[in-house]
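There are 2 protein chains.
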Amino acid sequence: MSLPRLYDLAGADPAIRFSPYCWRIRLALAHKGIAVETIPWRFTDKAAIGFSGQGKVPVLVDGETVVFDSERIADHLEARHPDRPSLFGGAAGRALARFLHHWTVQMLHPEIARLVVPDLFPRLAEPDRAYFRASREAAFGLCIEELPAQRPERLAALARALAPLRALLETQPYLSGTAPLYADHIVFGAFQWARVASPLVLVAPEDPVAAWRERMLDAYGGLGRAMAAAA
Amino acid sequence: MSLPRLYDLAGADPAIRFSPYCWRIRLALAHKGIAVETIPWRFTDKAAIGFSGQGKVPVLVDGETVVFDSERIADHLEARHPDRPSLFGGAAGRALARFLHHWTVQMLHPEIARLVVPDLFPRLAEPDRAYFRASREAAFGLCIEELPAQRPERLAALARALAPLRALLETQPYLSGTAPLYADHIVFGAFQWARVASPLVLVAPEDPVAAWRERMLDAYGGLGRAMAAAA
Chain A
2 MSLPRLYDLA GADPAIRFSP YCWRIRLALA HKGIAVETIP WRFTDKAAIG
52 FSGQGKVPVL VDGETVVFDS ERIADHLEAR HPDRPSLFGG AAGRALARFL
102 HHWTVQMLHP EIARLVVPDL FPRLAEPDRA YFRASREAAF GLCIEELPAQ
152 RPERLAALAR ALAPLRALLE TQPYLSGTAP LYADHIVFGA FQWARVASPL
202 VLVAPEDPVA AWRERMLDAY GGLGRAMAAA A
Chain B
2 MSLPRLYDLA GADPAIRFSP YCWRIRLALA HKGIAVETIP WRFTDKAAIG
52 FSGQGKVPVL VDGETVVFDS ERIADHLEAR HPDRPSLFGG AAGRALARFL
102 HHWTVQMLHP EIARLVVPDL FPRLAEPDRA YFRASREAAF GLCIEELPAQ
152 RPERLAALAR ALAPLRALLE TQPYLSGTAP LYADHIVFGA FQWARVASPL
202 VLVAPEDPVA AWRERMLDAY GGLGRAMAAA A
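Chains as they are written, first to last, in my numbering: chain A, 2 to 232; chain B, 2 to 232.
Rather than coming from a laboratory, the hints here were simulated on the basis of the structure.
For clarity, every value in this text was computed on a predicted model and none was experimentally measured.
Be careful, since some hints might not be right.
One copy or two, either will do: identical chains are not told apart, so a pair holds if it fits within one copy or between any two.
SDA-like cross-link-like pairs, simulated, lysine to any residue; straight-line CA separation at most 25 Å [as the list claims (entries may be wrong)]:
(1) 57 x 167
(2) 57 x 164
(3) 33 x 48
(4) 33 x 92
(5) 57 x 172
(6) 57 x 165
(7) 57 x 212
(8) 33 x 136
(9) 57 x 168
My request is simple: use the sequences and hints to build the entire structure.
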């Protein structure tokens, strides 16, 4: 039987995988102990995932089943492999992990994007750049080249946004408690995106968030750390 | 056997109970089906809870056991009554509820305080007012009387802070899923504080957060709604 296939957002160098949502699923698959074949995909490769009925990754092809959207893929993996380690630790853990999804998307991603997109842009495949520039500049209300001048304020805004995570990680090693679950994968995806995109230091080394990120880089046999950081 | 006793922050009128942390515990006790005797307490009544070894409420006296701090009281109730409905739905649910605690304290409480404190202040017992004014004005960097002029910006900031909760409640009826658990009690405590303190409308009626708050007011036999809203 062939491995599940994950369409995974890539840069000009196909080894560069930077989607925060795809990283969530990479870690979720590792958590379940499921090997996967990842297929590098670019924003403009709409035809390659047309079979999924939509145009974004992650897309998981799992035997006969095609699933898109990271939250739906996580639910699919949990339902399909109930005998493997749980991603959620029960219904309440699943429900609250969904809060972490929305918190990450609404509070962390916009801050991280403004910080790392200037360094990510030249790493994109050339055909992706026009789409990427237009969509991000519309979201930011600024040219990509104007973003670096704002970094001091944006780093301070990110530090404020991270306050509840910082307080939590002062009292427990993972968001999910004593070991990582999908809520950790969700938040780690955002940091892995930043790490692959930019050498910028987003979190002070003494911050409990930095220590957690190091633990997550080591988790699952060092899956996260195996992806080279931007230099 | 006598009922557990909860020291519960009160206004000049002892029927006015406004502490967000005490409301969490009122709901947690109701969730567990445990009747409680609440004892009205004021900020300046340090002597009345001196037996707890500290000076803040909630303090729960449960038989021979004295517990303070809402997070510790919730853990105590869960450990003491494992046969009653769970507050957390397992270890992962407990760990992630702690994130909701920090998010509520760091992101919601400061915004709600700036909005409702001007209306809460005249409802406080006279001996509490000097302490309350000094501590809150130090935190805000403003006089209480200067806060109402900022309401338009603060309401907009609260709406932004609520974005992840709003998105979550568009897809599920409670933070904890299909029924409320302690994570819901945590966030509801903040809204109940606002409701008791001030007639200000903090959330638009069409916001999914408002519909959730109505469900929470009705939960546990209408425990939250039985406390009169500020007029």
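Tested hints:
1. In the homo-oligomer, the alpha carbons of residue 57 and residue 167 lie at most 25 Å apart only across protomers (24 Å), although the nearest pairing inside one protomer, at 31 Å, exceeds that limit.
2. In this assembly of identical chains, residue 57 and residue 164 lie within 25 Å of each other by CA distance solely across copies; the values are 23 Å between and 31 Å within a copy.
3. When the C-alpha separation of residue 33 and residue 48 is checked against a cutoff of 25 Å, the pair qualifies neither within a copy, at 30 Å, nor between copies, at 54 Å.
4. For the homomeric pair residue 33 and residue 92, the shortest alpha-carbon distances inside one copy (17 Å) and between copies (19 Å) are both at most 25 Å.
5. Taking identical chains as interchangeable, the C-alpha atoms of residue 57 and residue 172 lie at most 25 Å apart only when they sit on different chains, with a minimum of 21 Å there against 37 Å within one chain.
6. Only between protomers do residue 57 and residue 165 lie at most 25 Å apart by alpha-carbon distance; the minimum there is 22 Å, versus 30 Å within a single protomer.
7. In this assembly of identical chains, residue 57 and residue 212 lie within 25 Å of each other by CA distance neither inside one copy nor across copies; the values are 32 Å within and 32 Å between.
8. For the identical chains of this complex, residue 33 and residue 136 are neighbours neither inside a copy (34 Å) nor across copies (50 Å), given an alpha-carbon limit of 25 Å.
9. In the homo-oligomer, the alpha carbons of residue 57 and residue 168 lie at most 25 Å apart only across protomers (20 Å), although the nearest pairing inside one protomer, at 34 Å, exceeds that limit.
In summary, the structure is inconsistent with hints 3, 7, 8 from the numbered list given earlier, while agreeing with the others.
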